[in-house]
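**Student:** The chain contents come next:
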Amino acid sequence: MTTAAEAPRPSRRPRSGMDANPVLRWLRANLFSSIPSSIITLLLLALFVKMIASFAQWGTWDAVWTVPGNDTSACRAARGIGACWAVIPEKYRFILFGTYPYDQQWRPALATLLFIALFYVSCLRRFWRRELVLIWAVMLSLIGLLMWGGVPGLPFVSQERWGGLPVTLILATFGLAFGFPLGILVALGRGSKLPAIRSLCVLYVELIRGVPLISLLFMASVMFPLFMPDGVNIDKLLRAQIAVVLYAGAYLAEVVRGGLQAVPRGQHEAADALGLSYWQKHRLIILPQAIRHVIPPLVNTFIAFFKDTSLVLIIGIFDLLTTAKTAIIDPAWQAFSVEVYIFVAVIYFAFCFAMSRYSRHLEAQGRRGT
Amino acid sequence: MRFSLQNEQFRGLLWQIAVVAIAVAVVAWLWSNAVHNLSVRRISTGFAFLGREAGMPIVDTWLAYTPKDTYLRAFMVGIVNTLRIAVIGIVLATIVGTLVGIARLSSNWLLSRLAAIYVEVLRDIPPLLQLLFWYVLMQGLPLARTAWTPIDGVFISNRGLIVPSIPLDGGQLWVIGSAVLGFVLFYMLRRRLIALQIHDGRPCRSWPYGLLLVIAAPALLSWLLGVTWTVTLPELRGFNFVGGWTFAPEYFALLIALVTYTSAFIAEIVRSGIQAVPRGQWDAAVALGLRRSFVLKQIVLPQALRVIIPPMTSQYLNLTKNSSLAVAIGYQDIVSIANTTLNQTGQAIESIALIMAVFLTISLGISLFMNWYNAHIALVER
Chain A
443 MTTAAEAPRP SRRPRSGMDA NPVLRWLRAN LFSSIPSSII TLLLLALFVK MIASFAQWGT
503 WDAVWTVPGN DTSACRAARG IGACWAVIPE KYRFILFGTY PYDQQWRPAL ATLLFIALFY
563 VSCLRRFWRR ELVLIWAVML SLIGLLMWGG VPGLPFVSQE RWGGLPVTLI LATFGLAFGF
623 PLGILVALGR GSKLPAIRSL CVLYVELIRG VPLISLLFMA SVMFPLFMPD GVNIDKLLRA
683 QIAVVLYAGA YLAEVVRGGL QAVPRGQHEA ADALGLSYWQ KHRLIILPQA IRHVIPPLVN
743 TFIAFFKDTS LVLIIGIFDL LTTAKTAIID PAWQAFSVEV YIFVAVIYFA FCFAMSRYSR
803 HLEAQGRRGT
Chain B
49 MRFSLQNEQF RGLLWQIAVV AIAVAVVAWL WSNAVHNLSV RRISTGFAFL GREAGMPIVD
109 TWLAYTPKDT YLRAFMVGIV NTLRIAVIGI VLATIVGTLV GIARLSSNWL LSRLAAIYVE
169 VLRDIPPLLQ LLFWYVLMQG LPLARTAWTP IDGVFISNRG LIVPSIPLDG GQLWVIGSAV
229 LGFVLFYMLR RRLIALQIHD GRPCRSWPYG LLLVIAAPAL LSWLLGVTWT VTLPELRGFN
289 FVGGWTFAPE YFALLIALVT YTSAFIAEIV RSGIQAVPRG QWDAAVALGL RRSFVLKQIV
349 LPQALRVIIP PMTSQYLNLT KNSSLAVAIG YQDIVSIANT TLNQTGQAIE SIALIMAVFL
409 TISLGISLFM NWYNAHIALV ER
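So the sequence lines, in the order shown, correspond to chains A and B. Counting in this note's numbering, the first sequence runs from 443 upward without gaps. Counting in this note's numbering, the second sequence runs from 49 upward without gaps.
These aren't lab readings, by the way, just hints derived from the structure by calculation. One should not assume that every hint holds.
Cross-link-like lysine to aspartate or glutamate pairs, in silico, EDC-like; alpha carbons within 16 Å at most [claimed, not checked]:
id : chain 1 : residue 1 : chain 2 : residue 2
1  : A       : 723       : B       : 56
2  : B       : 345       : B       : 331
3  : A       : 635       : A       : 573
4  : A       : 723       : A       : 711
5  : B       : 116       : B       : 101
6  : A       : 635       : B       : 56
The shape of chain A in the complex, shown without the other chains (with noise of 0.2 Å):
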């Protein structure tokens, strides 16, 4: 097998001709430099030319694009040949939106805009600073009025009627926006000399890391309330969002203590030295140098609540994938359930690879040590 790029290749001798042209020397560089590595390319080539064949033959030319009205019969006829994307016209706005109400989708579509927004904001280096928490302060507070209205102009929507992309990143944003403060406190109080407030935390962090989201979840749904007084009865997207919050504070209480594990001993001490107290000392001196070491981890965890939302699918809560796998519910579209999830691994792609990059960018920069 032709392995290692580190491995140092063996020096060829030059041949005057061949090595003239340029792409002729990338080739026999990169694609045959030895006969097990030619081998591979030709395989590989043939394999993925014929996926790629396929996969373009079903998905644009024998591909159905439109259908007229709710009239399938196009498309069944091309099943199994073709893929049929009159679909996604169809039921894009069901499969974005939920079940909000038609003419009011421009609230969700704008808040969507808004959370891409802030997250754009929040990636720049420039707003790295306390101000950044007003930002989102604000930015959440804006979100959740217009989602929610009930001021002249905006109609009330109750959170039953919300779904799709927008609770996708409601439970994400917000996961992040309460579990991140809840693990900061956590990760401080691990590192904590006190012996029963460590413990406390020790429980916590590994009794919500042991398990599956999905029995957070299970337990958000039918065992809260169970545990609530008579009468009180908390919305099921609250108590999802409430377990979401617990277990993003878990996993991000781990992040942060890595940080805090790698601010040096010197700076405690210089701190105490200057007669800070505790909180005092965190909050000015240590914690802004443990988060800026953590920031592409921290990403990463983002990019895994995000996609750790979707699980909300099977409690039945509407969120991106619920509204896309209730979406080919509808007779006329059931069989046609490929192009719909395909439409959404999209979506969920954009947002996740984006965020990867970012990530992959910013350890690049602290490789660089800026």
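We have chain A already, so just place chain B on it with the hints.
**Tutor:** Structure of chain B alone, referenced to chain A:
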């Protein structure tokens, strides 16, 4: 100790008392609410319900089970189902992930680009979505009547994969057990022989012993015990297959989704592990005139393992926890069975406590094993 707020020890004590008091108060409040609510709903707490008849059908099982069995038995079936997806998933994900990780570092441009695409695409799509996708594809397989038969006795249809079975009773199990034992003995012997070779430099072939222990001895035992090995071919009767071993489509969809998703992460871990091995190790090995595959296997990977094992452990734990996604497609793992139990009996606290206990035990088991392995391969320094 001075009882003043200026005293650090005293303040620490106050903090601890306050936090513990709040925690105890919250738990007590939740508990009293739960006790009240349960008594209103006439649900008795405790694990007595485990002895009652479950009455839930379980389709895909390795343990003998009928709906007349108890809840306890149903839970056992669920645990076995979780373990069989987790263990096989971990093994396959490790193999696929390692290959993809190595491919990503290949000097062949096409291979490394394709591996990178594999990693990027699979990592950035939620596992549940991937699972649903594979499950839909499985349902698109031909019906049982028109099943696809690559070789005689093997059927691939929307009922899953059906292969010929070999009935396993006492005798056969003894023979298989002796083969496993032979393998363990062979492994230990081989290590001993290698140690001897390192000691006195004389090469000693180990494979004849392997042949003897793993193949010949069990065969002899089989002949002595007079064990018969019959193969039952599955056949289509009516709408379903009779005989043979069935692997349900749910199981396969879950296995494929977990393996592809986790292998993308494992590939990245393997890649960074290999890159963490200093370049001088490659150079030195190549200077000795060793082949590249040999260098990778004998020199680089053992060193990379030290970097790879700790993050790999958390991927194994993730795979095990993600196996609970099974509930979305109706593969009956422990979470799915506990959920059905919960709906049938209303024993919410007990069911969820059982899920947690099972997963904490599995997680602890994996962690312990990986820590042991990590200590085993750790660099022994002076």
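**Student:** Each of the hints needs a verdict: does it hold here or not?
**Tutor:** Cross-check of the supplied hints:
A distance of roughly 15 Å separates the Cα atoms of residue 723 of chain A and residue 56 of chain B; the hinted pair therefore holds under the 16 Å criterion. Restraint check: the Cα-Cα separation between residue 345 of chain B and residue 331 of chain B comes to about 15 Å, which is no more than 16 Å; the hinted pair holds. This hinted pair does not check out: residue 635 of chain A and residue 573 of chain A have alpha carbons roughly 31 Å apart, beyond 16 Å. For a cut-off of 16 Å, the pair hint linking residue 723 of chain A to residue 711 of chain A stands: about 10 Å separates their Cα positions.
Pair hint residue 116 of chain B plus residue 101 of chain B holds up; C-alpha atoms about 6 Å apart against a cutoff of 16 Å. Restraint check for residue 635 of chain A and residue 56 of chain B: the C-alpha separation of about 11 Å stays at or below 16 Å, so the hint holds.
Hint compliance for this structure: hint 3 is the single one not met.
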